[in-house]
Each structure stands twice: as C-alpha cells, then as structure tokens.
Amino acid sequence: MSGLRGGILPRSFYAGDTVDVARKLLGCILVHEAPQGITAGKIVETEAYIQGDPACHASRGMTPRNRVMFGAPGYAYVYFIYGMYYCFNAVTASAGVGEAVLVRALEPLQGSHLMRARRGRERLEDLCSGPAKLVQAMGITREHNGADLTCSQLFVCTRETVPGKFVTTTRIGIKEGSEMPLRFYLEGSPFISRK
DNA sequence: GTCCTGATCCTCT
DNA sequence: GAGGATCAGGACG
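Residue numbers (this note's numbering): 46 to 240.
Hints are computed from structural coordinates only; laboratory data are not their basis.
Do not rely on the hints blindly, as some may be mistaken.
To be verified - Label-pair restraints from in silico Cβ distances:
#1 E167 to R56: 16 to 26 Å
#2 S139 to P109: 17 to 27 Å
#3 T108 to G165: 29 to 39 Å
#4 R166 to R187: 14 to 24 Å
#5 A117 to G97: 16 to 26 Å
#6 K210 to T186: 29 to 39 Å
#7 G218 to T186: 20 to 30 Å
#8 R56 to G128: 29 to 39 Å
#9 G191 to E167: 27 to 37 Å
#10 I217 to S139: 24 to 34 Å
#11 G116 to E167: 18 to 28 Å
#12 G97 to E167: 39 to 49 Å
To be verified - Pairs of lysine to any residue, SDA-like flavour, derived with a Cα cap of 25 Å:
#13 K240 to S139
#14 K220 to D65
#15 K220 to P80
#16 K210 to D171
#17 K240 to T206
#18 K220 to G97
#19 K210 to D65
#20 K240 to R204
#21 K240 to G72
#22 K240 to S197
#23 K210 to L71
#24 K240 to E221
#25 K240 to S157
#26 K240 to L169
#27 K240 to E170
#28 K240 to E167
#29 K240 to S223
#30 K220 to R110
#31 K240 to Y131
#32 K220 to R239
#33 K220 to D62
#34 K210 to G72
#35 K220 to M107
We put the CB at the ideal spot given by N, CA and C, even for glycine.
Could you put the whole structure together from the sequences, leaning on the hints where they help?
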C-alpha cells in the first residue's frame, strides 16, 4: 500500500475552486501511516466551506484556531468540536483565503482491524461513517492540524477507479448557510453518514 | 474572568 | 426522534 504514495495528490489539486475540489475528492483515498500501522479509506462524502459562507469557520476572520485555513492549500485542518470530537478538513483555495473541504465519511480499504480497535465497533459501516468517527478510526489527532497532505504520514491519493454518480445536497449540522448545496456523496454507498 | 455555542456521536425510547 | 456528554473558542464586561 505504500505504493499509494506515488499517487499523492499535488498541492495544485487543492489550489483550485473549493466546491470543485470537494467533488473531485470523492473516490480518492485518505491514508495515514501511523506507528501502529497503515489505515486507508475511500472518501465517499465531503462538504465545502467557502468564503462568504456564514457556516465556515473562517467567516469571521483569522483566529489562532482557524489560522491553518488561511494558509497554503494542501494542509490538514483538524479542529475540536462538541467537547469530545475532532473533524478533519483539507485546506483549499489560495493562501489568504479561508476555505476548506470537510471529509465526512470513508469506505474502509485497509487496516480495518486497527479501525475496529480504535473505534470499539465491529461493523465496517460503523467505522468511518461520520466526520468524528473517521478521525478516530484513522488515528488522526490534533497533532495533525497543519500537517502537509502532500508530504507527511497523512496524505490523499488519486482515485484508482472512476467513481459512480455522486449526489449534491445541503450540509449537515449547521444553521446559517444550511440552504447551500455544498455536500457531496457517492450515490448508493453504505458508508456515508446519512442520506 | 464568565457565559454561551457548537461542521457530533451514542444510547436510549 | 430526543437528550446527554463535555470543553475550546469567541464575545463580552
């Protein structure tokens, strides 16, 4: 699986239009080479957070928490939420622009035994079917905030097969901006967080 | 300093 | 479908 490194998405991939990047990430592989072993999963659900979007963390300017979003594209933005969970985002657009793509669900491809141990769940569909779940299953921590997705232990690879049709809907768990169609998932996947 | 809110998950009912 | 767990950031004084 280390051969996947050959397919690492370049920084230019993330530098494009955020909504476009969110769609193109569907079907790509998120990989984490942890000391305990490698875990990998196919991205089946994403959400875009863009400029002028009230639900975007960057909408009220840069703070110590969201500063990674304003940096160069191709870095991981990991933040703490609800007192218990972390969510993983890929920073997009150009430096100075606070935009990112939230990865909401994965289809486990490798290291499912590790994922089960980290999650305490057996069913494959319960391992990565939510933003906080996949972070836990992949072994991602706050230490990964600001990690370079093009040259670190945490990276994303280009898709190996052409994904099927994807569905565009509204985002989950937000109030303002909830009418914007910025959530994307692979149609029919049993691994998405919800329909 | 204090108060409030939240891009969630899990366990009930 | 509802509610609790649990805590960092941000707004305000």
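Going through the hints against the structure:
Roughly 38 Å separates the CB atoms of E167 and R56, a value that falls outside the hinted 16 to 26 Å. The supplied range of 17 to 27 Å is met by S139 and P109, whose beta-carbon atoms lie about 21 Å from each other. Range check, T108 to G165: about 34 Å between beta-carbon atoms, so the 29 to 39 Å window is met. The beta-carbon spacing between R166 and R187, approximately 22 Å, falls within the hinted interval of 14 to 24 Å.
A hinted range of 16 to 26 Å holds for the C-beta pair A117 and G97, which are about 21 Å apart. Evaluation of the 29 to 39 Å hint for K210 and T186 yields a pass: the beta carbon distance comes to about 34 Å. Taken as a hint, the range 20 to 30 Å holds for the pair G218 and T186, whose Cβ atoms sit roughly 22 Å apart. For R56 paired with G128, a C-beta distance near 33 Å keeps the hint of 29 to 39 Å intact.
For G191 and E167, the hinted distance range of 27 to 37 Å is satisfied, since their beta carbons lie about 33 Å from each other. In this structure the hint that I217 and S139 lie 24 to 34 Å apart at CB holds, the actual value being about 27 Å. Evaluation of the 18 to 28 Å hint for G116 and E167 yields a failure: the beta carbon distance comes to about 39 Å. A hinted range of 39 to 49 Å for the beta carbons of G97 and E167 is consistent with their spacing of about 43 Å.
Only pairs whose Cα atoms come within 25 Å are accepted, and K240 paired with S139 is rejected, the gap being roughly 31 Å. Proximity of K220 to D65 is assessed by CA-CA distance (about 23 Å); at most 25 Å being required, the pair is judged to hold. Restraint check for K220 and P80: the C-alpha separation of about 39 Å exceeds 25 Å, so the hint is violated. Distance restraint check for K210 and D171: the Cα-Cα separation of roughly 23 Å lies within the 25 Å cut-off, and the hinted pair is therefore satisfied.
Between K240 and T206 the alpha-carbon distance is near 23 Å, which keeps this suggested pair within the 25 Å criterion. Proximity of K220 to G97 is assessed by CA-CA distance (about 15 Å); at most 25 Å being required, the pair is judged to hold. A distance of roughly 15 Å separates the Cα atoms of K210 and D65; the hinted pair therefore holds under the 25 Å criterion. For the suggested pair K240 and R204, the alpha carbons sit about 23 Å apart, so the restraint of at most 25 Å is met.
With a C-alpha separation of about 17 Å, the suggested pair K240 and G72 falls inside the 25 Å cut-off, and the hint holds. In summary, the hint linking K240 to S197 is not supported, as the alpha carbons are separated by about 33 Å, beyond the 25 Å threshold. Between K210 and L71, the direct Cα distance comes to roughly 10 Å. Compliance with the 25 Å bound is thereby established for this hinted pair. Proximity of K240 to E221 is assessed by CA-CA distance (about 20 Å); at most 25 Å being required, the pair is judged to hold.
Restraint check for K240 and S157: satisfied, since their Cα atoms lie roughly 23 Å apart, inside the 25 Å limit. For the proposed pair K240 and L169, the alpha carbon gap of about 17 Å is at most 25 Å, so the pair holds. Proximity of K240 to E170 is assessed by CA-CA distance (about 14 Å); at most 25 Å being required, the pair is judged to hold. At roughly 22 Å between alpha-carbon atoms, K240 and E167 fall within 25 Å of each other, so this suggested pair holds.
Between K240 and S223, the direct Cα distance comes to roughly 15 Å. Compliance with the 25 Å bound is thereby established for this hinted pair. A C-alpha spacing of about 21 Å is found between K220 and R110, which places the hinted pair at or below 25 Å, so the restraint holds. At roughly 22 Å between alpha-carbon atoms, K240 and Y131 fall within 25 Å of each other, so this suggested pair holds. Of the pairs offered as hints, the one joining K220 and R239 holds, with about 17 Å between alpha carbons and a cut-off of 25 Å not exceeded.
At most 25 Å may separate the alpha-carbon atoms for a hinted pair to count; K220 and D62 meet this at roughly 24 Å. A threshold of 25 Å between alpha carbons decides the hint, and for K210 with G72 the separation of about 11 Å falls inside it, so the pair holds. This hinted pair checks out: K220 and M107 have alpha carbons roughly 21 Å apart, not beyond 25 Å.
Hint compliance for this structure: hints 1, 11, 13, 15 and 22 are broken, all remaining hints hold.
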